[in-house]
Amino acid sequence: MLETANDDRVLTVSRVIATTPEKLFDAFTKPDVMLKWWGPEGASVGDHELDIRVGGRWRTALENSMGGTFVCSGVYKAIERPRHIAFTWAWLQENGERGHETLVDVSFEKVERGTRLTVVQKTFENGAQRDLHAQGWNSTFNKLERLFAA
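For the sequence shown, the residue numbers in this note's numbering are 1 to 150.
Just so you know, these hints were derived from the structure itself, not from any lab.
Pairs of lysine-lysine residues, derived as BS3-like cross-links and limited to a Cα-Cα distance of at most 30 Å, are as follows:
{"no.": "1", "residue 1": "77", "residue 2": "23"}
{"no.": "2", "residue 1": "77", "residue 2": "30"}
{"no.": "3", "residue 1": "143", "residue 2": "77"}
{"no.": "4", "residue 1": "36", "residue 2": "23"}
{"no.": "5", "residue 1": "36", "residue 2": "122"}
{"no.": "6", "residue 1": "36", "residue 2": "110"}
{"no.": "7", "residue 1": "110", "residue 2": "143"}
{"no.": "8", "residue 1": "110", "residue 2": "122"}
{"no.": "9", "residue 1": "110", "residue 2": "77"}
{"no.": "10", "residue 1": "77", "residue 2": "36"}
{"no.": "11", "residue 1": "122", "residue 2": "143"}
{"no.": "12", "residue 1": "23", "residue 2": "143"}
{"no.": "13", "residue 1": "36", "residue 2": "143"}
{"no.": "14", "residue 1": "23", "residue 2": "110"}
With the hints as constraints, model all of the structure from the sequences given.
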């Protein structure tokens, strides 16, 4: 489900996942679990660095089915088990520099059928970039949903 605020540079994606907030939070913070679902369908994590603590840096190299590799990275800003995680996000550019940085805010709310996972990512350079990330998060959440359905 894609929801947008008045500003077309803000993305909100929400999904109910059939598990507890604690287990879903752990899927974001335990590398052995995170690496099973991180990235959109058809992609897997190759090289990675995950220093999961406030101020810690993270980096993942997403390898797609066509042989391409896309690197994203950031810094953890908040880790509040089992309710909230926040981190910065930027793609590595062809020139080796990090591109435009956004903030990803993830919340976990207990609901009747499991946990409502909500990601708010801002501030994109434009609506087109926001829409590409909406596709990526929704595809990624499909993988996460399947992980907990197994």
